[in-house]
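Q: Mind docking chain B on chain A? Use the hints.
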Amino acid sequence: MKADALVNRTLSRTLIIGIGNRYRGDDAMGCLLADEISKAVSDKQKFNEQLTNTIDIIEHDGEPAALIDCWQGYTTAILIDAVSSGAAAGTIHHIDLQAQALPDQFRSYSTHAFGIAEAVELARVLNKLPPRILFYGIEGESFTANTELSGTLKRAATLLLQQILYIVNAEKKYA
Amino acid sequence: MNDDKSHQGKTKTIKVDYLARVEGEGAMYLKIDDGILTDVQLKIFEPPRFFEGLLRGRKYSEAPDITARICGICPVAYQMSAVHAMENTFGITVDGQLRALRRLLYCGEWISSHTLHIYMLHAPDFLGYASAVHMAKDHPKIVERGLQLKKMGGSIMRLLGGREVHPINVRVGGFYRLPTPQELLAMVPELEQARQIALETVRWVKTFEFPHFEQDYTFVALQHPEEYPMNEGRIVSNKGLNISAAEFDEHFEEIHVQHSNALHCVMKNSEQAYHVGPMARYALNFQQLPADIQAESKQAGLGEVCNNPFQSIIVRSIEVLYACDEALRIINVYQEHSVQQQDDQKPDKPFIPFQPKAATGFAVTEAPRGLLYHRYDVDNKGDILDCDIIPPTSQNQKMIEDDLWKFVPQYLSLSDEKLQWHAEQAIRNYDPCISCATHFLKLEVDRS
Chain A
1 MKADALVNRT
11 LSRTLIIGIG
21 NRYRGDDAMG
31 CLLADEISKA
41 VSDKQKFNEQ
51 LTNTIDIIEH
61 DGEPAALIDC
71 WQGYTTAILI
81 DAVSSGAAAG
91 TIHHIDLQAQ
101 ALPDQFRSYS
111 THAFGIAEAV
121 ELARVLNKLP
131 PRILFYGIEG
141 ESFTANTELS
151 GTLKRAATLL
161 LQQILYIVNA
171 EKKYA
Chain B
1 MNDDKSHQGK
11 TKTIKVDYLA
21 RVEGEGAMYL
31 KIDDGILTDV
41 QLKIFEPPRF
51 FEGLLRGRKY
61 SEAPDITARI
71 CGICPVAYQM
81 SAVHAMENTF
91 GITVDGQLRA
101 LRRLLYCGEW
111 ISSHTLHIYM
121 LHAPDFLGYA
131 SAVHMAKDHP
141 KIVERGLQLK
151 KMGGSIMRLL
161 GGREVHPINV
171 RVGGFYRLPT
181 PQELLAMVPE
191 LEQARQIALE
201 TVRWVKTFEF
211 PHFEQDYTFV
221 ALQHPEEYPM
231 NEGRIVSNKG
241 LNISAAEFDE
251 HFEEIHVQHS
261 NALHCVMKNS
271 EQAYHVGPMA
281 RYALNFQQLP
291 ADIQAESKQA
301 GLGEVCNNPF
311 QSIIVRSIEV
321 LYACDEALRI
331 INVYQEHSVQ
341 QQDDQKPDKP
351 FIPFQPKAAT
361 GFAVTEAPRG
371 LLYHRYDVDN
381 KGDILDCDII
391 PPTSQNQKMI
401 EDDLWKFVPQ
411 YLSLSDEKLQ
421 WHAEQAIRNY
431 DPCISCATHF
441 LKLEVDRS
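Quick mapping for you: the protein sequence lines, in order, are chains A and B.
Mind the numbering: the first sequence is residues 1 to 175 in this note's numbering, read in order.
Mind the numbering: the second sequence is residues 1 to 448 in this note's numbering, read in order.
Chain B on its own, in the form it takes in the complex:
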């Protein structure tokens, strides 16, 4: 981080050229006049990447692999939203063990992405370290534990996705290759160990000191009648919204703000911010968590709804614990299914056949950072005519700014250095992925 502090007349400015420990490149600007916060801008300067333009004219089958390139941290989310949207376009449903294996792949990404943020990016904020490297000097065993847990997520992604980063084994209708039951069974001992580490993680992060900052959020997440949501469900909010993915455009809109290369997604008409991600999922789906994980959440100090974004690190750790549990459950069921079919190799075909047709398809899945919306218009040859991709960080950008508007005034009496620390921590609560949002941070505080 490069700090440049200058005083020009009555204006006091703090510039941080690059905000550390967020994914991507961006900046933040705070203006303080006579001790009053007068401007907050989350500036995304990573250039636009025009993926939607790149997809036009491409085959439907290319969408999962091209969109996976949008992010090296959450490629599975892009693949899942892409294949579900295409399957919605062509009127097909992937269910049974193929559906379960997709959920297992998503478990791998949740474990890997959440663990990276918990241990390497967010925990140093709470423990007073500038980075995970500094934290590792005092807490080597803890950091090694985080690396081990992240590795588990990577192992799942490698087996199901063909490789850990930018996986290539997902296709419209299913997979290119299915894992054997033996390959899945071989992961069980490591997954059981990962579950224990995930439990230790929950019990570790709950000991952190959290600022008092409860907000009345509009949480938006998927909700499914039978499971904690990953790939499927209705888009619901705690303020009465209940829509399908096809209705997303009717209720949300992207608006351009001058200070950001990423569009802000807001509630249509009101232009109000809303909150997506682990806290929204948790608040709207607590009842779908297993009883022992619900109990662990309560022992960690959470209610059935968590309204303090600084406690999002606990919620993420709960979701990692759940993802380990769910992965073990899916593997167990896959084994049983295999035995019943008396086929020790592949209980199902890797994909279901279909014919492309001209139509428009929609899907929303739960990326680690929240809702990821895809829409595709496809012609009868399967060529993509138009598409729209709205990642979770675009949806959370205005929410982050809103949090800063409310949080920063509590700390205006602090030194610029401490104010900066708290403001950056407030941003990292959302695990923002700027690289996704530009499909974003340097800090600038202007005091006068």
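Here chain A stands alone, though its shape is the one from the complex:
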């Protein structure tokens, strides 16, 4: 589901936000993983109807004002994005954003002056963070203009998909 489709959403518990740009190599990871999570939660054999009613999955470009707006009303938000922090390509990072800020080196691969880190901190100051907000990042290898993930990212994304599905399953207990 695209972010735009949430304008008239009803209250739901968990929002998974795949952030990125499908045309900038590994930066597409968040969007592609959102696709895979959508497919998985649509699989009624693995997830019951109750679960699919409690989770929304969106793709987002990371525009801060819209980002703050889109997670209002959710109890949990999970942000997934490719990062460029200097760690080894494929490294999976996990940050509890209620507990700490997104470090500078974990900022989205974006040159824009007001990005995801600023959105999270602004939302924190304005009391607009959801009760639970998690950030999952994978260290990118290549952010050049193409539509393919690097092999390293593909492997890491598969692992992260399993981690996120595990969290989603756990959320079911509280749904």
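Away from chain A, derived, C-beta distances all over 12 Å, residues of chain B:
no.	residue
1	Lys31
2	Ile36
3	Val40
4	Thr93
5	Glu209
6	His212
7	Gln215
8	His224
9	Glu253
10	Met267
11	Ala295
12	Phe351
In silico BS3-like cross-links for lysine-lysine, where the CA-CA straight-line distance does not exceed 25 Å:
no.	chain 1	residue 1	chain 2	residue 2
13	B	Lys31	B	Lys406
14	A	Lys128	B	Lys137
15	B	Lys59	B	Lys381
16	A	Lys128	B	Lys151
17	B	Lys357	B	Lys381
18	B	Lys151	B	Lys141
19	A	Lys128	B	Lys141
Some chain B residues close to chain A (C-beta under 7 Å, calculated; not the full set):
no.	residue
20	Met120
21	Lys137
22	Gly154
These aren't lab readings, by the way, just hints derived from the structure by calculation.
In this text, a Cβ means the ideal position worked out from N, Cα and C, and glycines have one as well.
A: Just chain B now, kept in the frame of chain A:
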């Protein structure tokens, strides 16, 4: 921001690895010898992006969506210059309600882009905060107001453009899908609220303290006989220039400077800097603003021309107010047109038909940051043979350096920290978009 201050012999250097609150990656270098400013360089190190090369061999129809990818803040500007240039190539004119809806889409981008800069990037300079997040701790309601206003611009872009960032609903000849009158009407209450916030914004920013820095600028902007310019008009200046988009190359040229990955666009022959953007538009088109907005400008302390770049934040807020007004007007007219046609869905076809032909087309539209020039050479199959794109920040780069040459000497007696603050503020006056210009800031002050 990462400061690295070092003293080596007689040379004192301040390095800021990344200048905050500008769009993109770049640096600034100031050299001061014996208390005299001897060098100013606006360094753009974000790599060149070769979009013009990417477009060669592509279909004419791909230009609006590919060029929209140049910038996530002003994609509509790229789409508008692209479609107008292609329509100029093929000899077609988009008018009536299709033209009005394009103007409405541009209103959305002006509201969104200007509001981001006013509230999140520029206001902290005037109020002494390092960032909008710091400002929000003391002024949460004000920052929330800014977010709400920006959201309005995004809503317009989403409806008309299909989505807020990198919109996809614009095509040569019109749109892929037209909004229904009901969809437009649904935005009116929020737009009326946005207009009120825009008015409060003008009355807020006028209270800021502005350095005295009046300059004799060469302002260059579009001018249109019937409206404040967005998509169309002659390219005029306050120094006598009056040309069409097709004549742009005869009067302006891009030059390479060693310290920048973005070309500097200057006046041809003289290599003089010129000023594009809100202040230029305002100076050359004040008479096209509605009377109540003219009055609001004067109450905000502006004349019919504003020559102090630090007051550009007021001019931007005036343009946001205008864009809200204009959006409401366009929606109202669209409604009336719909009723007259007794068609409650789509009063016009989404685009006008045409045949590609081999020709060269030109267009200049008013991006939030100023003139955006596109030229395309297309063959008879509609394939792009060559193109040229000159964004506003490329045009303002030399002007920013010129401002620093004149502004910084007034503050040489200040500490490096305060000098840096003022210099960065002077750069942000232009809301530079480095990502566009490299289709740019770390600060380095070298004192000896």
